[in-house]
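Enquirer: Sequence:
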Amino acid sequence: HHARTMHGSGANDTPRPRRATVINVFLDGVMSNANEPLLEGVPVIPRGEKMGGQFFPLLYR
8 HHARTMHGSG
18 ANDTPRPRRA
28 TVINVFLDGV
38 MSNANEPLLE
48 GVPVIPRGEK
58 MGGQFFPLLY
68 R
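Here this note's numbering is used: the first residue of the sequence shown is 8, the next is one more, and so on.
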């Protein structure tokens with residue numbers, strides 16, 4: 008990851024797994040560079056198509 012990525016947490020000293028949320032942000036107009044699923048359950052965005060949809064919403068215009 009990028010050196011300026013904000014992150015940090017202490018060790019998980021409990022017997023339960025830790026839950027996490029990740030937000031990936033990129034400019035509007037970014038095109039897909041893959042023809043396979045990015046994550047399980049996320050529909051494929053074919054190579055050359057603009058990233059968008061339920062899993063890649065526009066946050067700000």
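Just so you know, the hints here were simulated from the structure itself, not pulled from any lab data.
Be a bit skeptical, because a hint or two may be false.
Claimed, not checked - FRET-style restraints, in silico, Cβ to Cβ:
no.	residue 1	residue 2	range
1	Lys57	Pro22	41 to 51 Å
2	Asn19	Arg68	21 to 31 Å
3	Gly17	Pro53	36 to 46 Å
4	Lys57	Ala18	16 to 26 Å
5	Ala41	Leu66	15 to 25 Å
6	Pro53	Pro22	36 to 46 Å
7	Pro22	Val51	18 to 28 Å
Heads up, the beta-carbon is just placed ideally off N, CA and C, and yes, glycines get one too.
Enquirer: Hint by hint, where does the structure go against what was stated? Just the numbers, ascending.
Expert: Hint check: 2, 4 and 7 fail, others pass.
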